[in-house]
Amino acid sequence: MVSAGGAGSAYYRDCGGFIQGGHGGDLNGSDETICTNVEGHSISQAIGAKQNLYGIGASSYGINGSFGIGGYCGHNSHGSGGSGGYYGGGSGGAVYSRVASGSGGSSYISGHENCKAISKDYNETNMKHLDTSVHFSGFKFYSTTLLNGNSRIPGFTSNTFENGHNGYGQARITVLETMNPISKCFCSYIKFSYILLFTNIELSEEE
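Heads up, the sequence shown is in the UniProt record's numbering, so the first residue is 1 and it goes up one at a time.
In short, the hints are calculated from the structure, not lab data. Don't take each hint at face value.
[To be verified] List of simulated lysine to aspartate or glutamate pairs, EDC-like, C-alpha gap at most 20 Å: (1) K116 <-> D131; (2) K128 <-> E113; (3) K140 <-> E177; (4) K50 <-> E124; (5) K50 <-> E113; (6) K140 <-> E113.
[Stated by the list, open to error] For each label pair, taking beta carbons as the anchor points, the in silico distance ranges come out as: (7) L147 <-> T125: 27 to 35 Å; (8) N114 <-> S137: 15 to 23 Å; (9) V175 <-> Y122: 28 to 36 Å; (10) Y168 <-> T125: 14 to 22 Å.
These numbers come from a predicted model, not from an experiment. Where is the CB? At the ideal position from N, CA and C, for every residue including glycine.
Let the hints inform the model, and build the full structure from the sequences given.
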């Protein structure tokens with residue numbers, strides 16, 4: 001019922017090393033970056049994932065993402081995979097000296113405005129979504145905030161913030177209130193009344 005989009009990236013020495021990829025998305029993941037030091041070779045951007053569609057891989061060698069999974073890079077030397085997320089981002093590719101990084105994945109929170117929940121019978125050939133943001137289980141969250149990876153976000157210790165997050169994904173859970181559950185068992189007692197019906201039958205012989 002919650003899925004956080006990651007970021008795509010790439011490394012190309014001739015472009016100075018690290019190539020910024022598409023950042024992890026809020027509702028939508030961002031597109032990737034193309035680095036080049038020789039013009040003339042055509043390559044398209046990898047497109048970030050949406051709420052109801054996977055990210056599109058760059059041409060050439062780019063691979064589309066899928067539900068929950070980023071696309072892998074089809075080039076064995078350059079480019080990069082797309083990020084994971086609700087829908088995964090598309091991977092980057094390479095055409096000679098032009099290299100593309102991967103695009104960002106989208107995020108999802110059940111009950112969050114403008115999110116799109118999948119249907120219970122969703123599959124790869126039937127990408128059916130509901131007309132609501134609430135997960136088909138019925139569980140949802142309240143007072144939610146969804147931020148992309150290019151925003152100022154809370155850090156993982158109290159009263160700290162960072163601009164996006166580098167490295168592995170992490171989660172911070174804060175307990176707002178504790179409750180002592182009380183279990184009550186109600187055993188209903190039903191009194192049955194039996195009604196006995198007696199019928200007198202008289203038999204007589206006619207003379």
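To see whether the hints hold, each was checked on the structure:
1. K116 <-> D131: Holds, at about 7 Å.
2. K128 <-> E113: 18 Å, holds
3. K140 <-> E177: Given that 20 Å is the threshold and the Cα spacing comes to 18 Å, the pair holds.
4. K50 <-> E124: 16 Å, holds
5. K50 <-> E113: 14 Å, holds
6. K140 <-> E113: 11 Å, holds
7. L147 <-> T125: 27 to 35 Å: 33 Å, holds
8. N114 <-> S137: 15 to 23 Å: 20 Å, holds
9. V175 <-> Y122: 28 to 36 Å: 33 Å, holds
10. Y168 <-> T125: 14 to 22 Å: Since Y168 and T125 have Cβ atoms about 33 Å apart, the given range 14 to 22 Å is violated.
Violation of the numbered hints given earlier is confined to hint 10; every other hint is satisfied by the structure.
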